[in-house]
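Engineer: Here are the chains, one letter per residue:
2 protein chains.
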Amino acid sequence: MVNETQHTCSASSSSRSDGGSSSGSESSKDNSRCSTPVLDADRHERLREKMRRRQDAGDKWFSLEFFPPRTANAAVNLISRFDRMGAGGPLFIDVTWHPAGDPGSDKETSSMIIANTAVNYCGLETILHMTCCNQTKDDITGHLQKAKRLGLKNIMALRGDPAGEEWEEEVDGFNYAVDLVKHIRSEFDDYFDICVAGYPKGHPEAESYEADLRHLKEKVFAGADFIITQLFFRPETFLKFMKDCQAIGITCPIIPGIFPIQGYHSLRQLVKLSKLEVPQEIKDVIEPIKDNDAAIRNYGVELAVSMCRELLDSGMVHGLHFYTLNREVATTEVLKRLGIWKEDPRRPLPWAVSAHPKRRVEDVRPIFWASRPKSYIYRTQEWDDFPNGRWGNSSSPAFGELKDYYLFYLKSKSPREELLKMWGEELTGEESVFEVFTCYITGEPNRNGYKVTCMPWNDDPLATETNLLKDQLEKVNRRGILTINSQPNINGKPSTDPIVGWGPSGGYVFQKAYLEFFTSSEIVTALLKVLKKYELRVNYHIVNVKGQNITNAPDLQPNAVTWGIFPGREIIQPTVVDPVSFLSWKDEAFALWIEQWAKLYEEESPSRMIIQYIHDNYYLVNLVDNDFPLENCLWQVVEDTFELLN
Amino acid sequence: MVNETQHTCSASSSSRSDGGSSSGSESSKDNSRCSTPVLDADRHERLREKMRRRQDAGDKWFSLEFFPPRTANAAVNLISRFDRMGAGGPLFIDVTWHPAGDPGSDKETSSMIIANTAVNYCGLETILHMTCCNQTKDDITGHLQKAKRLGLKNIMALRGDPAGEEWEEEVDGFNYAVDLVKHIRSEFDDYFDICVAGYPKGHPEAESYEADLRHLKEKVFAGADFIITQLFFRPETFLKFMKDCQAIGITCPIIPGIFPIQGYHSLRQLVKLSKLEVPQEIKDVIEPIKDNDAAIRNYGVELAVSMCRELLDSGMVHGLHFYTLNREVATTEVLKRLGIWKEDPRRPLPWAVSAHPKRRVEDVRPIFWASRPKSYIYRTQEWDDFPNGRWGNSSSPAFGELKDYYLFYLKSKSPREELLKMWGEELTGEESVFEVFTCYITGEPNRNGYKVTCMPWNDDPLATETNLLKDQLEKVNRRGILTINSQPNINGKPSTDPIVGWGPSGGYVFQKAYLEFFTSSEIVTALLKVLKKYELRVNYHIVNVKGQNITNAPDLQPNAVTWGIFPGREIIQPTVVDPVSFLSWKDEAFALWIEQWAKLYEEESPSRMIIQYIHDNYYLVNLVDNDFPLENCLWQVVEDTFELLN
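Protein chains in written order, with UniProt numbering: chain A, 1 to 646; chain B, 1 to 646.
Simulated from the structure, these hints should not be mistaken for laboratory data. No experiment lies behind these values; they were computed from the predicted model shown. Using N, Cα and C, we set each Cβ at its ideal position, and we do this for glycine too. One thing to keep in mind: the hints can contain errors.
Partial chain A-side listing against chain B, Cβ under 10 Å, derived [to be verified]:
id: 1; residue: Ser105
id: 2; residue: Asn539
id: 3; residue: Asp555
id: 4; residue: Ala560
id: 5; residue: Trp563
Just chain A, same shape as in the assembly (with noise of 0.2 Å):
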């Protein structure tokens, strides 16, 4: 009787398979016993199957391709994009190879550091494209054994523009497309998914549309895992175009390229280097409003919706892949009116996550480093294993330095000139650093009119979770406790609450409230008199820049701050407190006095000698409370310890 209804076990396991990948699967096994419950199909799978489990859910998706940038600034503006249209859920993004560029170097700016930035820093699955011709294969190799190194799991094989006009095909050497891909399945097994470019109206040098088609043929059968297409301007061209290579014996996945009109002179130029024609109709429309690029962009959207909208109807189509020429009103206007962009995107954790391969396991990490996701990446980037929270130990990884304050992806987004305009001109005082704190958490302008928008602990406008806490941090800001860190307690939200909840939907959330901030050593020792009153109930950690430590914590445990319940999975703990990471903390947090705002001073300037007092004087101050059911008590403790003061 129960044979009909019956699934085995083997069977009820949904993400059984990883598809005989060699390297990545093997060290998630070794973890199996410390790692993470699997929460996010969407970490542990290659894109080739997310692709397909999308496809079988009848689950539309899109993907986003960009070029790097020329200036380290224009990265750093890249990077803040890809966090923007990130949020709207792409399945990818992809980077293109400049071979002019230097793009397999370390540079900020290089395809290379790009997609490793996307990948890592951004959490972005991402392809890198890669051209081969006039290339060694040494040189190639090495490019691959890189972005494997770097955590990049995908390349889009590419031939490249011969360089000159004079070109020949080398014997033995790369050619074409499809030497590259066979180069990788060769040298790298199934290491990477591999795409290929596909021409719906044929590449412009082959001899013909049959003749390309044939030649993609051979791409996808050496080893490529789905197309992506040039762009086209009618969805009946790609449409002939995927009947046709079906036809052909083509079964993998294949990608539209939408390339929604922005402007008269991409278009030209775009259609100078594809070779492709633009069709009448569209010219009839664009030659008149050429000099008016709110329209052209209006009618490049339209048409972009309604092609998308065709091809999504025809029910052969599950992606679309945007060209963004790096920018974003088009492609997000595009993208929201489709209905495919993600407005709440579900957060799997309550932090970013990466990318990289061997962080996929990773579902723990230190509260301090909340708002500066970025730099705890950075700083753990030479991990072999993402620990389960436990950090004691004495053979603990090491927390890399974070020498280089500039780090491209860690600079602040404002120029000194802002900083300056947000944070003071000119310091007359502690209080007037009080000032500044507390415009960042109001909102409000400061005595000149400037709104604080970022601080050196947080490069963005404050949380909307923290915007729950507003008031209270407001008062104590004004009188001298410095917040740079603080979450609600929360016993028990629905893990799809907007503001607070993560993970997977049915389950429930959890916080400890939070409050971290800095201090004078006045108002450390009122605090630590108050805080004996609230023993076993308050966790605190109390640390100066010389790493004088006063803690109540049992054992040097982490304490966990952030957990979920959810339906058939073992407890999730994603945030702790933990007291030997906030040693290394504590090195970043009060550095960031000095290199990010005393810096902006003159030396000997009363203004930086301000901040030296205060990055000398001051201690850094972490209070949780454990009663996590009852109303907050931390306000309480802050609120005694003033009033012992007065």
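Got chain A; can you put chain B on it based on the hints?
Structural biologist: Then chain B, alone, in the frame of chain A:
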């Protein structure tokens, strides 16, 4: 300013020192990434450290001495006594060494195996006595190695009685306890805590009281950690002895041995063996009532209480060691009257922990063995690691076979005749089985007037916690949902709750509702239909004896069903529903039908065939309601199932 109140990181760690232990502490360090947070110092300290900590805290304690039983049945009873008297919170128990009884053998009545059981199965800190005279060095080393292998950590080093009158010192042999102490320290370094015997009146064979004190000092200086004294009848005897010890430089703890007089004959025998003289004032009381056991015991209790009070009041005594003679009543009474019997011992975890050193990091078990913890310990005794709740990977250690259902400490405490009275001399159908289950739940007598106080899956009466579910359980058992395990949902009760609390105080405990039962395939078919409505909310595993397994557990991950949140700690999740170990449990749960129930009846008898039918055809089902903050829906699931069937 802060330096005054400052206690640094290292100084705030309360249990940092492991006393230089060589082997025990190593393994926990290696495991510390995955190991349990230190919830309970008791599990991690050596006996000598526990003594010191109790003394420092001004916390009075007691310990209990037992001798090995003569028969297997007596062993079963003694182990029940360990469990009962263990509940009162002794600091340790000790098991005497009977050279005539093959004390180091694997016999279920040997000193070695009784001590092993106390440590591993009853979770008691245990001292194994060992005598050395008339034994070879190799024999003794062998015993010690075996003790270490079994997880014993403490040895009481004794000379033992010479065999016969014509005993002579052996050159290079073990002539005195001090030789054994030296041998243990030289062969096992600091692995064992060593206890030696002290004689408040001097050893009967010593030249003098003073000479005996010198011998004692030799034993201590050879490496003994503490002293337990021979019994004595007057408190001043002990207090003088203790002062004399201190005067000659013995500084280790000296624990008075207390002998509550329990009967005329046992007193006489003990006096004969120990060559002690009973004081006249005691003889004067006892002789007239020598045939009145109750009167003598009452007097013995009075005497012991007043002596113990005097000892404790002296301020020199922190712990009391009781010679129980394997009896419960008198000692328990004395302890209760002294107020050092723990009426409500705190549970470090919701299940009974084992005291084997390799299990001190054990912090999670499958819920299935909740009523059979000794079976779980037995079946995992070969494990090297006690995993953090994840058995799902291929390299997880296998569960040992439970080949011998008559393994003495898993044997039912009730004899066959009694079981037949409880479970039915003659079964007339499945309904008579339903009735047995129902009577077990309700506590009402069965149709023949007998209460059902145990079941094959549960050797004890219903747990207090299960009582919370009594009404519902009764209803479903009547209708053929034969429950063998269950727990209510708990949404954050204090960890000090007398019924469901566990772990350190100041925390909160949680549970998901759980229900496990055998039931017919007819009911399973309906149940599966009903469960579709509860998808996500309810996780289930349904399996028959052949291993046909139906589940909706995601990715075969364990589901945490009991967890606790504590001040300054990581989350503890000591109980899980684990899909992999469920299949091992299934074998045991089905086999118990046959081994414990069916085999009570003649082969081919109708009663036996009924049980055999159930074994062959019923399913074992477990259900978890993931929505722990809401009202338990499992009763509704069952209700819906019955409704569907009607």
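Engineer: Hints the structure violates: just list their numbers, smallest first.
Structural biologist: 1
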